[in-house]
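Turn these sequences into a full structure, and let the hints steer you where they fit.
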Amino acid sequence: MQDIKTYLSPRGIDEAVRAMAAGDVTVFCGGTDLSPQVESGARQYTATLMNIRRVEGMSGIAEAGNLVRIGALTTVTEIRRDPLVARVASILAEAAEHFASDQIRNAASLGGNICNASPAGDMINPLLVLDAEVELARWQDGAVATRRVAMADFFLAPRQTAKRDGELLTAVFFARPATNFVACFRKSGPRPALEISTVSVGIGGRLDNGVFRDVRVAMGSVAPTPLRARHVEAALEGKRLDADGILAAVAAAKTDAKPIDDVRASAWYREHLVQVFTEEVLNHVLGN
Amino acid sequence: MEQKVATPIEKKTLIGSRVKKPDAADKATGKTRYINDMVLPQMLIGKVLFAGRPHAKIVSIDVSAAERLPGVHAVLTGKDAAGLKFGFVRDNVPLKEKVLCEHDEIAAVAADTEEIALKALELIKVEYEDLPAVFSPEAGREASAPQLRENFPDNKSLRFEFKHGDLATAEAASDFIADNIFRPHHVTHCCMGTSCAIADFDNNGKLTIWTQTQYPYNYKMDLAPALGIAPGDIRVIQPPVGGAFGSKLDVYPYEPIAALLARKTGRPVKVIYSREEEFKASPTRQAAIIHMRTGCTRDGTLTFRSADVLLDNGAYTSWGPTIPVIMMRTTSGHYRVPVVDFQAQAIYTNNPYAGSFRGYGNVQTTFATAQQMDILADQVDIDPLAFHLKNAQKSGEVTPQKSFLRECVLAECLETAARASDYSRKRAAYAAERGKPGRYKKGIGLASSIHNAGGAKIHKSDGIGTILKVDDYARVTVITGASEIGQGIDAVINLIVAEELGVPLEHITIINNDSDIAPWDVGVHASRTTFIAGNGTRRAARKAKAQILKAAEKMLGEPAAALELRGGSVVRDQCGTPLIKLDRLLRQMHFQAEPELVMVTDYYEPNSQPEGADHVSDHSAAYSHAVHIAEITVDTLTGEIKVDKITSAQDVGRVINRMGLEAQTEGGIAIGLGYALSENMQLEGGMLKNPCFRDYKLITAPEMPELEMHFIESHCAEGPYGAKGVSELPTIVIAPAIANALFNATGVRIFNPPLSPEKVARAIHETRQGGN
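So the protein lines, in turn, are chains S and Y. All residue numbers in the first sequence are consecutive under my numbering, ending with 288. All residue numbers in the second sequence are consecutive under my numbering, ending with 772.
Hints in this document: simulated from the structure, not taken from any laboratory. A few of these clues could be false.
[To be verified] Lysine-lysine pairs mimicking DSSO-like chemistry, simulated, CA-CA at most 30 angstroms apart: (1) Y:K390 / Y:K645; (2) Y:K469 / Y:K581; (3) S:K5 / Y:K119; (4) Y:K390 / S:K254; (5) S:K254 / Y:K441; (6) S:K254 / Y:K436; (7) Y:K645 / Y:K20; (8) Y:K163 / Y:K85; (9) Y:K394 / Y:K645; (10) Y:K57 / Y:K85; (11) Y:K554 / Y:K469; (12) Y:K125 / S:K5; (13) Y:K581 / Y:K689; (14) Y:K442 / Y:K645; (15) Y:K543 / Y:K581; (16) Y:K280 / Y:K759; (17) Y:K31 / Y:K402; (18) Y:K436 / Y:K163; (19) Y:K442 / Y:K460; (20) Y:K264 / Y:K85; (21) Y:K125 / Y:K85; (22) Y:K20 / Y:K469; (23) Y:K689 / Y:K57; (24) Y:K759 / S:K254; (25) S:K254 / Y:K125; (26) S:K258 / Y:K642; (27) Y:K156 / Y:K689; (28) S:K258 / Y:K394; (29) Y:K402 / Y:K57; (30) S:K258 / Y:K759.
[Stated by the list, open to error] Each pair of labels, with its calculated beta carbon distance range: (31) S:D141 / Y:E129: 52 to 60 angstroms; (32) Y:E122 / S:R54: 43 to 51 angstroms; (33) Y:N203 / S:S40: 38 to 46 angstroms; (34) Y:E138 / S:R230: 42 to 50 angstroms; (35) S:Q37 / Y:E129: 31 to 39 angstroms; (36) Y:K436 / S:Q37: 29 to 37 angstroms; (37) S:S35 / Y:M192: 40 to 48 angstroms; (38) Y:M192 / S:P224: 33 to 41 angstroms.
From the three backbone atoms N, C-alpha and C, an ideal C-beta is built for every residue, glycine too.
Given below as structure tokens:
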């Protein structure tokens, strides 16, 4: 057990990333993943614990030109209730709706859910469908420098992301979806509340006179990382969304999913559910 | 002495009214100080080193580094507890010299803080040599299986048998036989307050232990050998408990460990489990393999029931493997069964071991009997309701084990629940929908059971002592053996005292948490406390009342028989005219020439017979039935079962505290739903894979279905005001009701709970594949 030597509560991004540049910092926000991980011994706090809750400029949901920006500190509850999200990216609100419990939604931040990089992270799935990018800030040459990484490239391995040491995830951006964009999300577990996804499937795209375009499909808990289901996307792209199209997508879903047996479900059940949900979500999209 | 202006005080009964638990406000506002909150001066924290492997020899253990750590006051290992055997068959010790299950306690540390104690545990070096292990009772029975316990050849632990009538003849006379193997699984209690004990010795060698036990008196007897002291040298204090549900009906190693550390250090020591430790080291519900066969004739008359039960004893023997005592009562008494053949054998394994758990054996057995009733009804091709009614016992019948069903309203329970839920029509309609296309299918299922409802005389006595005093201010103190573990007995005692003595509920104090003060009681188990303590309280209150009215007769010159206690006064029973305030009368009694205080004692022993070695006895003073009807919607693709509604009808004898009864029924149903649908200790090679609430799925609020509860009043002659015990039946009947509904909806039956989405999806999928 390592003792925490220093506690920081920075007010600015510069202050935060400067502290991170010095190394050995555990970033803390809602704590809904971190605290139980430390409690169970899966992770340890480092010498410096930095609570980023009060960093300015990292909260809230706003439009910037054609982009929607969600600050990393934004809580799942805020996303769930946000009118802009409801209007332009309802799939995000839908995922927030099914996220854990009220207590956890009130504390959990979007940035934390992404950085935790769990294949079951519920906010990741809709962001993949929205083709979002994350903004990463670091302290470089005496100033804050940022870069953006597509969510689809962000997750490298279980609990491993493209975020480098000293980088802080500050915000998520995605292009405001077209007016004919439709999307839907489905997750499942043995009970309706406080559930970690056994499997999640999110599908979005533009429905152009019955033809599905710019299709993006995301799957959770069926591989070591959250993934874009490229075979399902290929099966759907530019095709009419009809019974045959859905059947082809369901078949492709089996190719994309590489599930394992674990304490929550067997590989068989996950593979089964991915197909059920792919069909269900597409029927739902069609119905819209 | 008669008052000038006297408004009559109306006669009003509290029986059946809604009375709040006296501790509710303190619990809701966080004022209650649980044992978990308690800190004593000089108190040390004890932590336990668990083996973390299922079966091993301890080659060496080195505690020197731990002992040297500043802040550590004692380190104990198996050699410090050698010979301190305890448990039902004396097969357990507080600290082990050999590993028999994952949570075996290998060493214990007492330190100034938890942090130091945990650090000390890390410094203990243990070298193990792993041994071949046994992870199922079937494997334990094999000739090639390693023998786990020296004194138990073939790994055989307890065995139970009951036979009645000629099985071969009954089988030959049966037109239909249901023959299935059921595999009820491991679940655990999940008390909100984790296991905790604080122990402290005085210099005369007397131990005071603060603990969560639900049986403080026999507890002394059971704890004593684990410490090598006399039971009389133990004082048990029970602070408010954060749940028990049967899990605190035995001594578990953390309690003697706390005491051994206290003795070694001469200071109070507190041992409290983390949630993970609680999952791994607290008892489970008994897992079993039940091969059950039930026969009936073409006209739907039951002919026999046989059960061959194999119990996973785990590494040690607590209450778990004794559940056949109740399993056989259900096998022989659930409906009129003329021929019975029951046998149960417990086999030692290297799995966690089971204790008692609300529903004690009956949850497992009813999962089998109630499904076979459904299966047989379909074989006979009659409505299950008619089949149940045809075989339902009536008042006055006696079961093959001699359970005397004095007041039996099983038929009324069946009819009430069936009528309220429109059972027969829906079942037929849903069955007709079964083979048709459609992702979501509705189902309805009925299950019933029988349970002891007037105690269970498995000890030599099933009684209770009560002391009641009324002071000079007409405040009543009840000193009773009945423990409050959250089930609501305090509210029941208050209600009964107020009913008998006409005092406000708020003027009653209950002392029931100190074994040096309160008189004996068997403990909170077997749905017995309202029945037994209710009778004890009523008898004590009536003795006090008789004394008070006799004094009033002397003072007022009116016959005691014409007087009554009402609204804090002595009144004329007939017209309610108040004659004297009760407190004034009590003071006059006290300060008169021949002073008297109102202090009475009572010992109540229910009218029941000891269980006996042959298991043929009327072991409870009452028996009761419950019927649950579950209505569900099944997602045939994901396998998810949504429980839409539960309609229950239960024989409660008489409603005492309606609010408490409703709450206890709801709580019982919640536990039953978790058992049926989602709770599961996932054991792999004896190791628990999901020791946390993230992966061990309790039922949460959104999953609670609509409940429609019918309380049937059979007016039990022996029960207090006619009441029967109620606690366990709601937990017992839920799982088979849902299993029967699942079959009604999908044609699929699952014999190994929980009926998890994955299992249901797979079973439906396989049926469809098979059908193709």
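Hint check:
1. Y:K390 / Y:K645: 26 angstroms, holds
2. Y:K469 / Y:K581: 17 angstroms, holds
3. S:K5 / Y:K119: 18 angstroms, holds
4. Y:K390 / S:K254: Distance of about 52 angstroms is beyond 30 angstroms: violated.
5. S:K254 / Y:K441: OK: K254 of chain S and K441 of chain Y at ~26 angstroms, within 30 angstroms.
6. S:K254 / Y:K436: 27 angstroms, holds
7. Y:K645 / Y:K20: Measuring from Cα to Cα gives roughly 26 angstroms; hence the hint holds.
8. Y:K163 / Y:K85: With Cα atoms ~34 angstroms apart, K163 of chain Y and K85 of chain Y exceed 30 angstroms; violated.
9. Y:K394 / Y:K645: 28 angstroms, holds
10. Y:K57 / Y:K85: Answer holds: K57 of chain Y to K85 of chain Y is near 19 angstroms, not above 30 angstroms.
11. Y:K554 / Y:K469: 21 angstroms, holds
12. Y:K125 / S:K5: Distance of about 29 angstroms is within 30 angstroms: holds.
13. Y:K581 / Y:K689: Violated: K581 of chain Y and K689 of chain Y sit about 64 angstroms apart, past 30 angstroms.
14. Y:K442 / Y:K645: Holds. K442 of chain Y to K645 of chain Y sits at ~11 angstroms (cutoff 30 angstroms).
15. Y:K543 / Y:K581: Holds, at about 19 angstroms.
16. Y:K280 / Y:K759: 25 angstroms, holds
17. Y:K31 / Y:K402: 48 angstroms, violated
18. Y:K436 / Y:K163: 45 angstroms, violated
19. Y:K442 / Y:K460: 49 angstroms, violated
20. Y:K264 / Y:K85: OK: K264 of chain Y and K85 of chain Y at ~19 angstroms, within 30 angstroms.
21. Y:K125 / Y:K85: 25 angstroms, holds
22. Y:K20 / Y:K469: The hint holds at about 23 angstroms.
23. Y:K689 / Y:K57: 23 angstroms, holds
24. Y:K759 / S:K254: 20 angstroms, holds
25. S:K254 / Y:K125: 48 angstroms, violated
26. S:K258 / Y:K642: Since the Cα atoms of K258 of chain S and K642 of chain Y sit roughly 29 angstroms apart, the hinted pair holds (cutoff 30 angstroms).
27. Y:K156 / Y:K689: Distance of about 27 angstroms is within 30 angstroms: holds.
28. S:K258 / Y:K394: 59 angstroms, violated
29. Y:K402 / Y:K57: Given that 30 angstroms is the threshold and the Cα spacing comes to 48 angstroms, the pair is violated.
30. S:K258 / Y:K759: 20 angstroms, holds
31. S:D141 / Y:E129: 52 to 60 angstroms: 59 angstroms, holds
32. Y:E122 / S:R54: 43 to 51 angstroms: The hinted range 43 to 51 angstroms is violated for E122 of chain Y and R54 of chain S, with Cβ atoms some 36 angstroms apart.
33. Y:N203 / S:S40: 38 to 46 angstroms: For N203 of chain Y and S40 of chain S the Cβ distance comes to about 42 angstroms; the hint holds.
34. Y:E138 / S:R230: 42 to 50 angstroms: 46 angstroms, holds
35. S:Q37 / Y:E129: 31 to 39 angstroms: Between Q37 of chain S and E129 of chain Y, where Cβ atoms are some 33 angstroms apart, the hint holds.
36. Y:K436 / S:Q37: 29 to 37 angstroms: At 48 angstroms between Cβs, range violated.
37. S:S35 / Y:M192: 40 to 48 angstroms: Check failed, 19 angstroms falls outside 40 to 48 angstroms.
38. Y:M192 / S:P224: 33 to 41 angstroms: The hinted range 33 to 41 angstroms holds for M192 of chain Y and P224 of chain S, with Cβ atoms some 35 angstroms apart.
The earlier numbered hints that this structure contradicts are 4, 8, 13, 17, 18, 19, 25, 28, 29, 32, 36, 37.
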